[in-house]
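Protein chains in written order, with this note's numbering: chain A, 1 to 292; chain B, 1 to 313.
These are computed hints drawn from the structure, not numbers from a lab. Don't take every hint at face value.
What the hints assert, rightly or not - Chain B regions said to be covered by chain A (calculated; three or more residues, Cβ under 8 Å):
{"#": "1", "region": "117-126"}
{"#": "2", "region": "129-135"}
{"#": "3", "region": "171-185"}
{"#": "4", "region": "289-296"}
Beta carbons: idealized from backbone N, C-alpha and C, even for Gly.
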Amino acid sequence: MDAVLIIQSLISGIMMGMVYALLGVGFSLTWGVMHVINISHGAFGLLGAYMAYSLLQYFGVDPIVSAAVSVPLLFLVACGIYQLLIRPITRAQNVVMASMILTFGLAIILENVMAIIWKADPRVLTPTYSSGALILGPFYFQYPHVVGFGLSLAGITAIYLFLKKTYTGMAVRAAWQQPEAARLYGVNLYWISMITFALAVSTAGAGGICLALLNSFEPHSHNLWLINLFLVVIVGGVGNVIGTALAGLIIGVITGLSMAFLPFLWVNLVTFGLLMIFLIFRPHGIFKQEGI
Amino acid sequence: MINKLYPAAMAILAVLLAAFPCIGPEVYYLSFLFSIFMYVILASSWNFIGGYAGYISFGHAAFFGIGAFATAKMATMLELPPLLTMLAAIPAGGIAALVALIVGYPCLKIRGPYFSVVTLCFAFVVDLAVKNIEFLGGAEGLWIKFMDIPEKTSRTIMYELMFLLMVITLAASWFLGRSRFGAGLTAIRSDEEVAETMAIPTAKLKIQAFVLSAFFPGVAGGLFAYYLGYIHTDAVFNINISILIVLMAMFGGGGTWLGPIIGAVILTVVNEGLSTFAQAEIARIIYGALFIVVTIFMPNGIIDFFRKKDGMT
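Please build the complete structure, drawing on both the sequences and the hints.
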């Protein structure tokens, strides 16, 4: 096996893993802070990708620029969804289960609305620089991949800084670690939940745009995205941002290597098999540290 | 009063359903009821581990698929005559139960959503393995020989067999809900640590429930394989089936006898009705909205909702 080819697919895998990490961070936060497993997370990512696609196709807006529009828009939509749908089910006996059923319904609705608006054909984001490539010695990286990778790295850093440095971010962390104590110290849990949910959905949109720069997408792609999300979040540890990012890299390396050495159909088998074994031995993620 | 009438009503309903083919209905109705019976079996047997014990498995379609492929493989390899193939569904269920024993041993140590994810991965691994291994059918799938009898007769036989399996599954579910075994499982769901301190052998009960809940879908899968005549991984390992089973049980109310039955019947009828009367995408949107409405207004399932109304919480 050619060493250049191996390194090439390794780096492609890492880029892919980073994008999944950005998608996964929000998923991990809603799960950790609110005990809501958002099955429609991937579908919201796909919505971001489709919005970027339309803006690019009809108005020639670059995906990076359109992210600045669609991400705040998704933030507002998510606030509404939280009020209407998520808040009522926090009374259920089993919030995790109820949230999974509800967001599963939401994912079906989103998928089919997208299928009606954008049709079921596979789409690709083709910004002006899509044919260009960054050539570093023997290696070759398409610009959209580089941009997607850079954007997701920036996104994860932004979320990390938000949680570590801002007051609201610290309140989110407090609500995650000790909800009752946080409430006693004057943290409004209701607001924190809404912000967490909206933040998660809007980062899903950003992640969706990044992923659309790397891969083609169609209305049912979110199912596959969701499985990769679970993978990244479980390996990284629920609620752990740095862990999620590292898990993205690890899974990227595994996918990259198995793509270089194995026939295409076996790649997923290896990934899921590994995750299963991983879950059995380390169900709470690779990192001992409990925290964001 | 209601408690005494209840078994009698059930028995009358069962006799009526068993006698249904005698009035010579169209094949469509036989097929429709066949699929309702199948989903009732799947949802009710999922309920053993998912409902009573609270271990939400997202990979139950894997056992259904294993049963289907094992039956098809036995039928093609041993060149069994058609009627024996149907009996091959029983050892196929055994194979599914054996797989459940092997997989369940490590997996049932994991709790909560992590268990759900590991079972989800298990379903994918089985699906991809069958797709990639030529011996098990590969990407092309397997064909099973049909019986040399008119379609209506064969459909009637399939109908009665699936009905019989449903009755057995529901009887098992009924006794399980009223036994020490069932009580132990409910204790696990309420609080596993406490259950353990009360000397309930949690590990043993969980694995028994898991194996039992894999056996019935395995047999149902075998019958389904025969019913289709051609079996492909996408038809039986589809992740949507796994999710649908969970939704049916939770929709009706997990951990009760009646809940999964009601959930399976309602969702199958709604699915069928929507696909007949509405455009595909619109139908799916209405279907999705149904889940949202039910979770918001009946977060603990339909059964729980009506029980509260009657004031018998």
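Query raised in the report: Within the region 171-185 of chain B, is the number of residues with a Cβ closer than 8 Å to a Cβ of chain A three or more?
Result: violated (count 0)
Query - Claimed coverage, the region 129-135 of chain B by chain A - three or more beta carbons nearer than 8 Å - result: holds (count 3)
Requested in this report: Closer than 8 Å, Cβ to Cβ, for at least three residues: run that test on the region 117-126 of chain B against chain A and report holds or violated.
Outcome: holds (count 7)
Query raised in the report: How does the coverage statement for the region 289-296 of chain B fare against chain A, requiring three or more residues with Cβ below 8 Å from a Cβ of that chain?
Result: Check passed, 7 qualifying residues.
The structure shown violates just one earlier hint, number 3.
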